[in-house]
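Student: First to last, the sequence lines map onto chains P and R.
Under numbering that gives the first Met the number 0, the letters of the first sequence match residues 0 to 506, in that order.
Under numbering that gives the first Met the number 0, the letters of the second sequence match residues 0 to 598, in that order.
Calculated directly from the structure, the hints in this document are not laboratory data.
From the three backbone atoms N, C-alpha and C, an ideal C-beta is built for every residue, glycine too.
Be aware that a few hints might be false.
What the hints assert, rightly or not - Just so you have them, the derived chain R footprint on chain P, three or more residues with Cβ under 8 Å:
| id | region |
| --- | --- |
| 1 | 73-87 |
| 2 | 199-213 |
| 3 | 281-293 |
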Amino acid sequence: MSRRFLAVRHGLAVALILAAASPVLAAAKASNGAIPQRPEQLRYPALDFEVPPAAPFYHELAGGIPVYVAEDHTLPLVTVSITLRAGSFLEGGEVGPGVAALTGTMIRQGGTAQRSAEEFDEKVDFLAADINTTGGDISSGANLNCITGVLDEGLGLFFEMLKTPGFDGGRLDVAKSNLLEGMKQRNDDAGQILDREWQWLLYGHDYFGSKQLTADELAAIGRDDLIAFHDRYWRPENMIITVSGDVDTKDVLAKLGKQLASWPGNGTAAAWPPPEPDFKPTAGLYHYEKDIPQAKVFIGHQGLEWQDWDDPDAAPLQVMNEIFGAGGFTSRLVKRIRSDEGLAYSAGSVFTIEPFRPGQFYMLFQSKNSTVALASKIALEELARIRDEPVSDEELKIAKQSLVETFPRRFESPRAVVRVYAQDTFQGRPHEYWQKWRDRIRAVTAEDVQRVAKRYLDPDGLVFLVVGPWEQIAPGDADHRADMNLFFGGKVTDLPQLDPLSLEPVP
Amino acid sequence: MNEHRTNHVAPRLLVAVTLAVLLALPAVAGAEQGAQVPVSTFKLDNGMEFLAVQRPELSTVYAAWVAHVGSSNERPGITGISHFFEHMMFKGTHTIGTTNITRDLEIMDELEKIQEQIRAEDRKQRERYRLGEIDNPFDPEQRTPKMVELEARFNELMEEQRSLMVKDEFDKVYTEAGGSGMNAFTNEDMTGYFVNVPANKLELWFWMESDRLLNPVFREFYTERDVVYEERRLRTESTPTGKFDELFESMFWQSHPYGWPVVGWPSDLESYSMAQAKAYYDTYYAANNLTGILVGNFDLDQAKALAERYFGRLPQRTAPAPDVVTLEMQQLAEKRMVAECDCQPQVQVAYHTVPFRHKDSYALDVMTGILNGNTGRLYKSLVLDQGIASSASTNQNSRKWAGAFTFNAEAKGDATPEQLEQAWYAELKRLQDEPVPAEELQKVKNNIAADAFRRLENPFFLCLQLIFYDGLGDWHYLNYWADKTLEVTAEDVQRVAKEYFDPTNSAVGLYRRSADAPAEEMSPELAALPAQLRPMVQAQLKQIQASQSADELESALNQLLSQKDQMPPQVQPIVPVLEKALRERIEELSAAPAAGGES
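Start from the sequences, fold in the hints, and give me the full structure.
Tutor: Shown next, in the form of structure tokens:
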């Protein structure tokens, strides 16, 4: 059966008359077929969405391993996803750089103890199963998606791989040489340069979340390193599991329990939470030279870290960012930079609150080189304005309504529901967070928005990063509305051109 | 006829078409049957069609419409106008986007008159450009005094119009109502507009979309050209291979309009007029050229009633939009492009094949299945066995009017794009010479059968597929693609591999890394030079390597050494590098017997 979380509430009289019909239909018929002059005059039935309680999905396997299961028999497909507390945050000391990511890649690509890489791949492909594994910074993961009819075989292969990966040496060489080819392309795309330099400017070079692997470090990774990392961290005690699709809950729990019970070896639970970055960004104008007709820009600083899931500033920050630059065409940055001035195709802002480190705040856009200064000037004007003036009632209303009304989409499918709850468990966020979410947004006032804008947006602490050809950017636009001397007195730090493999400055 | 459609049970996607006999080899249990989407259809009197898929478990509806128009319907001079239109459709209507429609329209008339005069100036600028008096007819620095004056008047009027405008109101109305993911796309064959609305607010979609089709006002027409130009810079001009991809496409298509980019040529972007836009709109945005699409939680009868009430207002047009009649010329000789960019060395080989729904398109799809993926032939051969590529894949792109099959690969290590090209021909020859073994074919078919279900999982993706296939000419393809593809035999694959892959039917693109980009092959001496000197030195090193005359090099060496002291200090570091290269080449030439008659 498919769980339904949606009920449409409607007036009693209407319900009695049209009990058999869809409630949405009932309400619309009540509007009598005339087309109103303006869309605000349309009348809708209420949409009574309740956040589905987490408990019915939650199960524990032996050893306390959390499993969220959502049955959905719409299609004959099953998805099993495993999130692990393992990643590059565990690197350092015995674990060399790049080992977590490469372990994540190679578990899938290197065969198993029983099957060569080629045999394993052929078997998986013949079943039309989709199996993948990844290694990230604070988490690693494994996914299986297959037709219900081959679930047993699919699960068998999935766990054979997870428990006894082969780490085939030849395949490891292929994976390493592919990574090396990727490294060579590090300076090809301006967006990639922007992301890399931005992470360094915000969190430093040594923080695991912003670290970039060099070719020498890659070369130093050996098969034994991967075996050791897998042995130690790719283990049931580090796992959170979700299952969604065409399964029977009891049945699939029994199958998972059996697989996990026979996990070999003896590893340890990963040290948790991951370490914090130890870095303070230095405000200033930074530039990386790249010959392109349209420069890319990030302007911002560190954001906020979750200390308390009931933080009263969290909802106002979300509303503030929505009004400032995250709300598409209705937000201020998009309106002024794109819509009014035609200076950029995309513009906007990001403000994140993250669980294990300060998040980030930035304004972003791309513009033809001569109008970078003008677009930047506008962005900074808007930054000042959202701190100095309360937002209008209309902006506040649109942003809040939008956040509240789109909220149900987070729980759109059974798969989405169990993913949200598994993320809660991973981050340590209480499930009740979602029950309170909409009321908190509804309660935000214009004063709240201004208060958090003043408190968390810092015009004096901005890191201002431009990737593009400086000679064309610096003088500004033909109408002399702005040039780069407007920012930091024109004092710019030229970031060194880096060798894509060593990441050393090119002499 | 509708009672079974109003139930609240999640729809079982109907399973149909059991293949009578597959192969002797085992098929994946449960996957030997194709997945079918229950799509309800209806048509309004004015010719607009609707496709509806009910997913009552959702709290929203993905609502979309597609206009059967794209860049292939354009002509030189207005390339990119289909995509430009997509932008204009968000600019409001008689009701949405203004506080005073009467004055708003008056201003737009006046703006148009000024633009007429600016266009007259543009003609002069183009002439000056042809005569070599200016190097860019659109350069703001080269404007005539009259243009500056006209633009100032234009901007003044725009200011007045802006004071009446309700900025981006179209977005505001949806956003406030909980609409999300509102967007649109344009490609060669279609333009699609979509949004997700809460299930209780579907009527808003009908109101907003029929209003913008009925009473559109193309506000900010001329400033939006700048936004589109920025989009072009973003997607085409500032990406590693964007400019060359565009060049490759226009080399590949000789006569067919697929040869120009969807975003349009830059000079056309600068030149569209409102009159051109209106004529285009009247032809291609008529009701009989549109299809509405709904996927989500709604009542079908109600949706039908709303469709009639709202979209039924669009005027009827009986004449269908014109076909694209230009056929691609039969290619006579292989085409070849060699490009240098800040990119991984790579190769692309494209062949003219078949359009959407052509009877051979299914066998070509199976052929890509044999070649692609982790256990596909290309990965096994080029990546694993030969170690010359980091990735390799193929794609059969069946567009509405014509199609192409492409091979792409990126080089690894010292391998050259030419090596990858040859490796592709070897794999191609295997497909032409030998039928695909039964088990390999079954593997591909098992994946097709499973993917037929996978692509129905996500309701938004399902909506996009309906837009896409209807835009290409037949949404039913969604339901019969898997079955037709599962019927393909090894002989079919061999036949199409022979039929379409002649070199004279191909275009080859070879991409090398630009000489000035830092690459690992750089000698330590070169790497030690300041970055700005390297391109010059590299060019000279190339010349030195290419030279066959030791005498010529000797005299170059003498010249270098004699001029050394007059060089500015910042250029001095190049001397030892060139000196070393010259001496080594001279030695090489003296040691080897004279080649090719050179002395």
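Student: Check each numbered hint from earlier against the structure, then list the numbers of those it violates in ascending order.
Tutor: 2
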